[in-house]
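K.L.:
Whenever a hint applies, use it, and build me the whole structure from the sequences.
Protein chains: 6
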Amino acid sequence: MSDAREAPRYTGVRTFAGLDHVALARANAVGARAAIVGVPFDTATSWRPGARFGPEAIRGASVLLRGWHPVHGVDVLGSGAVLDAGDVAITPGNAQRSSEQVAAALAPLCASGAVPLVLGGDHSVALGELRAQAGAHGPVALVLLDAHADTWEDYYGERLFHGTVIRRAVEEGLLDPRRSLIAGIRGPLYAAEDLEQARALGLELVPIEELRRSPPSAFAARVRERTAAGPVFVGVDIDVADPSAAPGTGTPEVGGLSSGELIDLLRALAGVRVVGFDVVEVSPPYDAPGQITALLAANVAYEMLALTAIAGGGG
Amino acid sequence: MSDAREAPRYTGVRTFAGLDHVALARANAVGARAAIVGVPFDTATSWRPGARFGPEAIRGASVLLRGWHPVHGVDVLGSGAVLDAGDVAITPGNAQRSSEQVAAALAPLCASGAVPLVLGGDHSVALGELRAQAGAHGPVALVLLDAHADTWEDYYGERLFHGTVIRRAVEEGLLDPRRSLIAGIRGPLYAAEDLEQARALGLELVPIEELRRSPPSAFAARVRERTAAGPVFVGVDIDVADPSAAPGTGTPEVGGLSSGELIDLLRALAGVRVVGFDVVEVSPPYDAPGQITALLAANVAYEMLALTAIAGGGG
Amino acid sequence: MSDAREAPRYTGVRTFAGLDHVALARANAVGARAAIVGVPFDTATSWRPGARFGPEAIRGASVLLRGWHPVHGVDVLGSGAVLDAGDVAITPGNAQRSSEQVAAALAPLCASGAVPLVLGGDHSVALGELRAQAGAHGPVALVLLDAHADTWEDYYGERLFHGTVIRRAVEEGLLDPRRSLIAGIRGPLYAAEDLEQARALGLELVPIEELRRSPPSAFAARVRERTAAGPVFVGVDIDVADPSAAPGTGTPEVGGLSSGELIDLLRALAGVRVVGFDVVEVSPPYDAPGQITALLAANVAYEMLALTAIAGGGG
Amino acid sequence: MSDAREAPRYTGVRTFAGLDHVALARANAVGARAAIVGVPFDTATSWRPGARFGPEAIRGASVLLRGWHPVHGVDVLGSGAVLDAGDVAITPGNAQRSSEQVAAALAPLCASGAVPLVLGGDHSVALGELRAQAGAHGPVALVLLDAHADTWEDYYGERLFHGTVIRRAVEEGLLDPRRSLIAGIRGPLYAAEDLEQARALGLELVPIEELRRSPPSAFAARVRERTAAGPVFVGVDIDVADPSAAPGTGTPEVGGLSSGELIDLLRALAGVRVVGFDVVEVSPPYDAPGQITALLAANVAYEMLALTAIAGGGG
Amino acid sequence: MSDAREAPRYTGVRTFAGLDHVALARANAVGARAAIVGVPFDTATSWRPGARFGPEAIRGASVLLRGWHPVHGVDVLGSGAVLDAGDVAITPGNAQRSSEQVAAALAPLCASGAVPLVLGGDHSVALGELRAQAGAHGPVALVLLDAHADTWEDYYGERLFHGTVIRRAVEEGLLDPRRSLIAGIRGPLYAAEDLEQARALGLELVPIEELRRSPPSAFAARVRERTAAGPVFVGVDIDVADPSAAPGTGTPEVGGLSSGELIDLLRALAGVRVVGFDVVEVSPPYDAPGQITALLAANVAYEMLALTAIAGGGG
Amino acid sequence: MSDAREAPRYTGVRTFAGLDHVALARANAVGARAAIVGVPFDTATSWRPGARFGPEAIRGASVLLRGWHPVHGVDVLGSGAVLDAGDVAITPGNAQRSSEQVAAALAPLCASGAVPLVLGGDHSVALGELRAQAGAHGPVALVLLDAHADTWEDYYGERLFHGTVIRRAVEEGLLDPRRSLIAGIRGPLYAAEDLEQARALGLELVPIEELRRSPPSAFAARVRERTAAGPVFVGVDIDVADPSAAPGTGTPEVGGLSSGELIDLLRALAGVRVVGFDVVEVSPPYDAPGQITALLAANVAYEMLALTAIAGGGG
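Chains A, B, C, D, E and F, in that order, give the protein sequences.
My numbering puts the first sequence at residues 1435 to 1749.
My numbering puts the second sequence at residues 1435 to 1749.
My numbering puts the third sequence at residues 1435 to 1749.
My numbering puts the fourth sequence at residues 1435 to 1749.
My numbering puts the fifth sequence at residues 1435 to 1749.
My numbering puts the sixth sequence at residues 1435 to 1749.
FYI, nobody ran anything at the bench for these hints, they're computed from the structure.
Among the hints, a few may not be true.
[What the hints assert, rightly or not] One side of the interface only, derived from the structure: several residues of chain B facing chain E at Cβ under 8 Å:
| no. | residue |
| --- | --- |
| 1 | Trp-1481 |
| 2 | Ala-1625 |
| 3 | Ala-1626 |
| 4 | Leu-1629 |
| 5 | Pro-1681 |
| 6 | Thr-1685 |
| 7 | Ala-1722 |
[Claimed, not checked] Selected chain E positions facing chain D (Cβ under 10 Å, derived; list incomplete):
| no. | residue |
| --- | --- |
| 8 | Val-1447 |
| 9 | Arg-1486 |
| 10 | Phe-1487 |
| 11 | Arg-1493 |
| 12 | Gln-1535 |
Since the structure is predicted, the reported quantities are computational estimates derived from the model, not experimental observations.
Note that the Cβ used here is the ideal one computed from N, Cα and C, for glycine as well.
P.N.:
This is the structure:
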């Protein structure tokens, strides 16, 4: 990893935070604690596309990240414990096949015990991730920060879409809804029963009003109680943040979290046993010129890596 | 109205939230509860122009809005109760004539009992709106969320300008200042007496500091007390929001509301008897590429429509 | 159609050039000479997405177009002869189903004798168009201005993609390659035989160097000779223009036509018997803030409509 | 004027090319050969506003201009011969009054023999300029490079608008149409007779096709013949350039001049006796981030100043 | 200073808030209370450049500022008490020489008792400022709002860089670390000891978490206690604000202050004896099109001027 | 190198055209014909910075480039003959030291016989390149396409700046001015003698007017005659292109080449014995959102690689 005291951190081919690049096919063999994996896929988005360039932009915005996390007091990036495994080769225009490609690509990594951290791509990429996770760990507990529950039945007949991915994952038994929780929900619906149908799947939904009413520690306590001891998958759809903090996303929703609130929620999860992470729905064409959405996503990913460092004794 | 489960909501000629389009001349006859009306006028703006494209951009940003309001528990858009009546044909370069065109265009709608919701345009468009409202209802109570009181005497000799419109409306007897309130005021002035002159008109001014100090329910109580039982006009100048949430506006002012705070203030007004709404001062050229100001304005309009649904038993 | 001498042409819900909006389902019954039809689809694009917003942006950029064409001396838009039929309801994420939706939507229009002018969308939308055309007219002659031949076999296993659409159309017998011509070809290839394979289909390919070497009249003569008397489909992939003139597109290619050169080529086609048109690959997120690509596409569409006016005696 | 070899040319309060700033009221007294004058007015524009920020942007884009013109071999800016007189205080929302303000502000300058070079502002600002010129010199010959003839009767009843300004000037006898010429005309019209009505005023109109067909020297010969020996006013509406070269303008029109073609036409005018210049219709909000339209306008202004240097023996 | 009631405030060559422009070399002689000074330098920035255009953009965004501060109840700009002294001529590519140029340029102003308010430029410009201040007042107390402590030893061997400037100032004895405080610190570090090394210099560091936990009055009390009676220098690195409020900066850091929070902290400092101010790190290329970072910086500068008005009895 | 028929070319960590990445330190050992090398340095730029992000943006814009060059009929990228060697670690703020770093980094590559193709960075990076080239080959012939001769003596006392680099290279004996030629020169100067001083160095200068007057083959003939048989260095400052084709650059100059003209000039150089290339002055912050300048630079680099393939028998 580059040191800005020797050369500018914006020097070199872009990897996440300047980490070493190890191709995904070999990443499971190198004994890393965690691996960054891009999934440049945005076929399954219902409004603004562009998330296919999310991995590129998040890597570009990550160049200033440094190893030491002053709040947790851990070394997040150090000593080869984290690597950038590049992108999964997916199939634009074909969400089903792409989900299979993601699952196949991540399976060896999950089996090796390394924690994959996926940079999306639209939220549909989570299906492949959860297949790989469930293959290694059985049904996982999902902790999702998202403005939308993503539990619709289908979109115009398409069953795998960014707004249906959680329902698909429940149907496939990839996550245990009784141990799962989606927080940050807001925005208009089609009908009164929409959220009830999501709850009927067994999921716990936390509206944004509830999420903001209590401190991060209360959220973390709720997560710990809900997820119990089992393996946890933590996802962040960047649209959980307010459009002011994350304008560059596919379906922005007003009334969301500030960047500080989002980061604080993640920091509160220290100690939860996480087996996988993702941050999705960064759409760079809508993020220019400041690229603050990509910057926020890079920091979200950094906080996720910090959680693996805590778990793994990175301090 | 289009259903994203059947076709993408971004399909088709843009109307607000995909509502049916009924020309303004016929809108009063169709028995709608509320009608969206654009006023693409920006001659009377003192800094950045562009609000003429506000109606186009707000419609474009409204495509994802769905009918069911989960917090109020009402159907906001359903059953033909709301329509998009297109734009008023105004006269660029002539604020006086344009205000007459707006008044004439809205009068039948007001007379029919439908609630007009105007998408501005700069704030000067409110004069025509208030003339139409006062013609139907007598002087109305104004509840205005705005960074500026807009009660200047004139600008470079021009008497109808976006910063003079409230004074003109008071002078014409269109609104009852004793039942009116402007909240969110901030920013530097010309002289110590500037706000006193506004208060001398009888208006109540609520500085942003006061507005933020108390919960939305307290603001709503103040509104209810102030407006009494009479007909109320609710206006939002989008610059009441912070520049981070609403960069695309004519005269942005730092230290404003977050998108969530603005939405919560509107939700707190449930039950107030509103006869007209507007959301003004969205300037798309300064909003690109994320168009978050237009998105916020579309959500402001949606919350306004929800208030009409509550009043009208839309749940 | 609005007259800027009475109201600003940017007033009202956006239709192409302010034309009347008649829903596609009814458009074939109104006896129009030509109909604008949007196809907001961009699943099948190999680099930058965003063309789903092409129809919206082209309509927005078309507001200044007026009826009289001073070079041809015809009334292009007048007397109800042209209408805007809105958008086809397509299926994002499913190019095959979308092509069927496009074909079904356009078939009645083609049967009625009206000339459809499609605003894309990515180039894959042409397959549905050509199916509708071939259904009405038998195999058509294709005159395509495009930087790329779009005759690849497949992309990552996907057979309907914006770079394969011409091959698919030939395979389905929708166009007669012996009467077809693609002009403006440039850019690097995979292998020496790539263009030969396209020519092996029977297509005539005109590299950009050849296209620019001779005057528009020479191009038109070549088109007339090639297409013979049969029905002709004229397509413009906006990437035939130089990135300086059309930055907002999916796969820009340096060394293209200026806006004037492109317009002149279209004007030279006066008298050719055209049964259908499209202009595709406008990607608005990459076009801001000037939106000059959408403006160029709106003018391309205007020139196409002018060709129908000449054929139909619109002068 | 700053010298980049001593300090960066982007240092200091922005004046045109770093020229000394002398307030307009005193500018006529200092004996300058030419004076830059901004007119930040855009009320009278029929599509995209923003030209009020034209003077600011053109000054910002002019910082790299240096004094020596290598083609003409003259010192353009040197020895206090040129100054920046700031902006005219105009009245937004009131084109008539603003035209009077412009005329009054420029009259002393014209009387003093200095050549005003106005940075617009929309094209309506030319009326005030021509009044000042005619007051000093009698009716002038107009040489206008513009995509539009700007000879409409009115817009929505408004008689002074950017598209009516030339008709108004003819009606007021400010310019001699028999010695005037407008070149670069293109784009759709309302009716066949539109251009004939302009010609009926006595103006010579040169369509863009004719302008490009012959070399700059032929254009200059035509100008010399047409304008005879009388005082000439040279105007450039930046939309005479192609949208690729000038995206930041109010009513862009495809098929225009490249930046080099526009500059060459101006250089060819060496020796013509010019008493006033303007460059109008630069709209910065549509020009970001490259600001190439403002850069082109700054260079147009530079070429105009060079013409005064040649006339004045600046070499 | 211009009055928007007479002419638009966007009229004229841009100075800060329309203040009179007095060249820096003469500014010390005119008896002003405070002087705006731009330092257009960005050589010493570690990620995104562009701050060289900070002074231009902040001036451009300041046009709407008016003289009366309604919260403090003072006349901020009036009566010639404040002027715009233009920019310091610095040397791009040479931070050392530039710091000398800044110090030399400001020294007479500091000696005259006027308060300089510098518009950066990157943070390295503070070294020259502090040299001038210390020359006039001896070591000053620093109150810095900044996301970063800027106390690194060097960058790639460069000792004067925007991240080293505070260390250099301490080493040179320009500021008294025991009376200094840096607040708003956040973001990842290289190693656990990084902040300890800054504290070892004697500086007090206030992490963002602490800063937000207590009200502005508590911060102000801490400042008053820490700075004691001595002369104080107040600096704002605009990256102390959140990227949503200040996207246009060199090294944005998530989790920062809202615009209102930043303004409130400055207002709380009323009565502190300040001898110099700066606001740095505004990078306009990353701020377009809304230019909200420049707007925030203009307001920060306005609040700073208000503090001088209070001290000077401007009310 | 990735094949878009198997996976999207936008998949994976960005290298030039998807080439394999071999660290610069090892690149000389792998026997490549040519190597891409980024130099992310922009300290020495006189107006707009940002070229430090040139290498990142050019790599990002290069993803669609394919191996087969249809005009030359050669395989440009194939068989491991070309690699991406990443970036040189330079020192922002220190042009002298950076030039040494560039020279040291490239020397082994030059010695190995591989052709370095540098992606700038501002033009000052050429000094290090030419030192490395001269070290391996003796003084080289320079063929430079540039709007500016870059032969100034100094800028504000700085002797290594982007506008002085050619003078420095001549003074150091790195290039043979008698065999060198700079073409595309235009724009205002300080004084009549400026270009004469450049010519006095022995350089041949070709103004843009001359360059455009004759066909590419004539330019190539002039190059061949001028450079004789010796080793040639070919540089492209992207500002040789017109601002419409290359808005994202540090010092844009109107009246430049179109993208097609620039590409054609490079193609005409087939057979010239080139030992090094660079393409400099791409500034991405001024290029958004279309990034057409980076796209043009990527194609310029591609044409340069094609020249090495011709020389090396790549066909």
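K.L.:
If you take the shortest Cβ to Cβ gap from B/Leu-1629 to chain E, is it below 8 Å?
P.N.:
This interface hint holds because 7 Å falls under the 8 Å limit.
K.L.:
Holds or violated: the hint that E/Gln-1535 contacts chain D, with Cβ atoms closer than 10 Å.
P.N.:
Since chain D brings a Cβ to about 9 Å from E/Gln-1535, closer than 10 Å, the hint holds.
K.L.:
Should the hint that B/Trp-1481 touches chain E count as held when the rule is a Cβ pair under 8 Å?
P.N.:
Hint on B/Trp-1481: holds, closest Cβ of chain E at ~6 Å, below 8 Å.
K.L.:
Holds or violated: B/Ala-1626 as interface residue toward chain E, Cβ cutoff 8 Å?
P.N.:
holds, 6 Å
K.L.:
Grab the minimum C-beta distance from E/Arg-1486 to chain D and call the hint holds if it beats 10 Å, violated otherwise.
P.N.:
holds, 6 Å
K.L.:
Return the status of the interface hint for E/Val-1447: holds when the least beta-carbon distance to chain D is below 10 Å, violated otherwise.
P.N.:
With a closest approach of 5 Å, the E/Val-1447 hint holds.
K.L.:
Given a cut of 8 Å on the nearest C-beta pair, is the interface hint for B/Ala-1722 held or broken against chain E?
P.N.:
Result: holds, 6 Å to nearest chain E Cβ.
K.L.:
Quick check on B/Pro-1681 please, does its C-beta sit within 8 Å of some C-beta on chain E?
P.N.:
holds, 3 Å
K.L.:
With chain E as the partner, please determine if B/Thr-1685 meets the hint condition of a C-beta pair closer than 8 Å.
P.N.:
Interface hint status for B/Thr-1685: holds (6 Å vs cutoff 8 Å).
K.L.:
Would the hint on B/Ala-1625 stand, with a C-beta cut-off of 8 Å toward chain E?
P.N.:
holds, 5 Å
K.L.:
Tell me if E/Phe-1487 is really an interface residue toward chain D, meaning its C-beta lies closer than 10 Å to one of theirs.
P.N.:
holds, 7 Å
K.L.:
A closest beta-carbon separation below 10 Å is what the hint needs, so does E/Arg-1493 meet it against chain D?
P.N.:
Result: holds, 7 Å to nearest chain D Cβ.
When the structure is compared with the earlier hints, no violation turns up for any of them.
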